[in-house]
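Top to bottom, those sequences are chains A and B.
Taking this note's numbering, the leading residue of the first sequence gets 1, the next gets one more, and so forth.
Taking this note's numbering, the leading residue of the second sequence gets 1, the next gets one more, and so forth.
By construction, these hints were calculated from the structure, which means they are not laboratory data.
Where is the CB? At the ideal position from N, CA and C, for every residue including glycine.
Please note: incorrect hints may appear among the correct ones.
Claimed, not checked - Quick list of simulated restraints, FRET-style, between CB atoms: (1) A:L221 to B:L61: 20 to 30 angstroms; (2) B:D66 to A:L221: 20 to 30 angstroms; (3) B:S130 to A:I299: 24 to 34 angstroms; (4) A:I116 to B:G39: 48 to 58 angstroms; (5) A:G174 to B:Q103: 42 to 52 angstroms; (6) A:L221 to B:E109: 36 to 46 angstroms.
Stated by the list, open to error - Straight-line distance between alpha carbons at most 20 angstroms, and here's what the computed SDA-like set of lysine to any residue pairs gives: (7) A:K140 to B:N329; (8) B:K94 to A:T219; (9) A:K303 to B:S132.
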Amino acid sequence: MSLTTAHSVVAPSANSKRIAGAIIIAYALISIVPLLWIFATSFKTPPDSIAYPPKIVFQPSIEGYCNLFTTRTRQTPEYINSLGPATGFCDETVRKRNMVIAGPSNFLPRFVNSLIIAFGSTFCAVFLGTLSAYGFSRFKVPLADDLLFFILSTRFMPPIAVAIPIYLMYRELGLSDTALGMILLYTAVNVSLAVWLLKGFIDEIPREYEEAAMIDGYTRLQAFWRTVLPQATTGIAATAIFCLIFAWNEYAFAALLTSGTAQTAPPFIPTIIGEGGQDWPAVAAGTTIFLVPILVFTILLRKQLLRGITFGAVRK
Amino acid sequence: MAEIRVQHLRKAFGDFVAVQDSNFVVEDGEFFVMLGPSGCGKTTTLRMIAGLELPTGGEILLGGEDVTMLRARERDIAFVFQLFALYPHMNVRKNIGFPLLAQGMPSAEIRTRVEETAKLLRIDHLLNKSVSGLAGGDRQRVALGRAIVRRPKCFLMDEPLGTLDTEFRDLMVHELRELHNRIHATTVYVTHDQMEAMSMADKIAVMNHGVIEQFGSPREIYDRPATMFVADFIGSPPMNFLGFGGGLAKGAKEIVVQGAKVAVPEVREDIAPADMALGIRPEHIRFDDASKLRGAIYGTEYLGTTQIVAVETADGIIKARVPAEIRLNAGDHVGLALNSARLSLFDKGSGRAVRTAVHDTASQGRAQHG
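Using the sequences provided together with the hints, build the complete structure.
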């Protein structure tokens with residue numbers, strides 16, 4: 001109603017709205033410029049990427065992406081000429097720089113590792129978190145408060161503080177450089193967050209829903225599945241994003257515990273720089289592709305995320 | 001449909017006894033209301049019948065079968081919650097059909113049953129709507145639909161009208177009773193609202209502190225309250241009490257209150273001298289200057305056809321319901337004439353009603369103390 005908004009003492013005035021808008025736009029620009037720069041760099045040629053003054057307008061090239069996905073060897077022009085015609089754009093570009101494609105790079109398997117480990121650990125953390133949150137929310141758990149505090153206390157120190165013991169433990173257990181080891185580790189870090197966040201959400205779902213379902217002929221598990229879970233999707237989505245962002249971006253443990261088969265993208269991307277000079281477009285291409293899954297996931301769930309991070313602020 | 005028999009039912013949460021030694025029988029097809037202030041154990045009793053709480057002791061028989069320790073889903077009962085508990089992620093049709101889905105009923109049959117039920121409740125035009133957009137009364141009907149669609153042994157309702165607006169509530173009270181008259185389902189209904197209880201119930205149990213104070217028809221409970229608590233809880237304004245001392249002998253027809261002789265229904269038991277109370281419903285008081293029982297007008301509440309008059313007596317204020325036409329001024333001295341046939345007598349110490357001629361026709365009006 002116009003009457004209430006026009007004279008409201010609670011609603012911000014037009015001026016303060018304008019100032020707030022300006023601050024938000026400025027902050028958004030500052031945040032987005034590095035990302036745009038990375039995106040632009042990924043489409044530059046290596047000379048353009050290090051040009052001074054920096055080029056804002058340039059001829060786009062996918063050389064960076066070619067370099068990201070391949071390994072190349074330098075050859076004499078005679079040898080290159082002796083080869084047949086180039087088999088694609090990448091082949092052609094590489095030959096112009098007196099190189100031939102020797103094979104695929106490790107980027108794709110590293111990226112797949114990241115997908116498996118991040119989504120795997122997110123799934124485990126959210127799965128365990130939902131069940132324990134439900135348990136804490138609905139049943140009389142002995143020492144529930146102490147247990148919840150203990151779960152929270154696992155986050156009192158940065159996870160990396162226990163890196164050395166974990167490194168030694170993983171070596172003994174044969175979990176070093178395995179996807180399973182990384183999934184277990186990220187799950188362990190995330191599960192406390194998941195339990196706490198989800199308990200808040202599940203507490204807000206009246207237990208009458210399950211009681212109604214159980215009276216209507218369902219088992220508790222069925223009631224949980226059919227009445228609690230659908231209403232907890234907001235919380236689950238928000239929790240999943242938080243867990244995924246941590247697992248996806250995690251660098252320190254990944255650098256320490258993975259080196260070969262289970263290496264994730266974060267420790268791999270910086271190593272691109274060392275292969276055949278400072279190949280900034282390839283690094284930028286790797287970073288750009290690395291951003292895509294989390295971006296897509298967040299955009300898909302952004303409604304839930306927004307409701308999720310403000311949950312409990314306003315009681316219905 | 002089935003009868004519900006509750007025997008020596010008891011529930012304790014740690015040291016707190018929520019329900020103690022409850023005994024009652026809800027006959028097949030009866031509308032039974034459990035009435036009492038909040039925290040009196042009525043909801044706990046209902047949840048034990050439903051299987052949502054397990055009793056500390058006693059038995060619950062449903063249609064002759066002992067279900068005391070059975071899981072809720074094995075009891076074949078339906079429950080209507082105060083907050084309705086409609087699933088927000090399902091539309092009206094799915095909400096009503098949800099209990100049938102649990103039984104693995106074929107979807108075509110679910111469809112017909114849901115439509116039949118919706119028609120009965122006059123919500124068939126809402127079947128494909130989302131439940132979150134429904135008005136209070138319609139949400140209530142959907143909740144009822146989910147309960148009756150399965151044709152269970154009995155219905156349990158926990159203050160189902162508690163969250164509705166007054167206008168909806170009056171409508172739903174009427175609809176609920178009408179629905180009951182059509183399908184004759186054994187119903188246990190919990191409320192703290194005496195008007196709901198009086199207007200719907202075949203039988204009422206009045207509970208207080210985990211104890212059933214009285215079990216009987218609305219008329220019995222109103223006319224022959226078994227305890228002072230019941231007398232005080234039922235009626236608006238509640239029953240007035242005037243204290244008097246001395247014992248009562250079997251056959252006595254008169255007592256002395258504040259120096260005035262008051263005729264009472266013939267006493268049917270001997271009572272040793274103790275603090276007693278005379279209970280008078282406000283509508284059983286007339287103003288009569290010839291009466292020796294006197295008081296001063298303290299204030300009046302005009303209600304249209306009647307008025308409630310507060311009269312200050314030597315034993316505190318009592319309220320009378322008299323025709324609205326009578327002109328009264330604060331401070332006026334009046335004599336109070338009581339309708340002798342309708343008076344109750346109580347033992348103040350135990351709160352228990354004294355047996356009098358009023359009880360002659362009653363068989364179930366007694367309190368069931370534990």
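Query raised in the report: Lying within 48 to 58 angstroms: is that true of the beta-carbon distance I116 of chain A to G39 of chain B?
Result: Since I116 of chain A and G39 of chain B have Cβ atoms about 55 angstroms apart, the given range 48 to 58 angstroms holds.
Requested in this report: Just tell me: holds or violated, for the beta carbon distance of L221 of chain A and L61 of chain B against 20 to 30 angstroms?
Outcome: holds (29 angstroms)
Query raised in the report: Quick one: are G174 of chain A and Q103 of chain B within 42 to 52 angstroms, going by C-beta?
Result: holds (50 angstroms)
Requested in this report: Take a look at whether the Cβ-Cβ distance between L221 of chain A and E109 of chain B falls inside 36 to 46 angstroms.
Outcome: Since L221 of chain A and E109 of chain B have Cβ atoms about 25 angstroms apart, the given range 36 to 46 angstroms is violated.
Query raised in the report: Regarding the pair K94 of chain B and T219 of chain A, is the alpha-carbon distance no greater than 20 angstroms?
Result: Answer holds: K94 of chain B to T219 of chain A is near 18 angstroms, not above 20 angstroms.
Query raised in the report: Do S130 of chain B and I299 of chain A keep their Cβ atoms within the hinted range of 24 to 34 angstroms?
Result: holds (26 angstroms)
Query raised in the report: Between K140 of chain A and N329 of chain B, does the CA-CA distance stay at or below 20 angstroms?
Result: violated (61 angstroms)
Requested in this report: Assess, step by step, whether the Cα of K303 of chain A is no farther than 20 angstroms from the Cα of S132 of chain B, and give holds or violated.
Outcome: The given pair, whose Cα atoms are some 19 angstroms apart, holds under the 20 angstroms limit.
Report task. Could you check the hint for me, namely that D66 of chain B and L221 of chain A are 20 to 30 angstroms apart, CB to CB? Result -> holds (26 angstroms)
The structure fails to meet hints 6, 7 from the earlier list, while all remaining hints are met.
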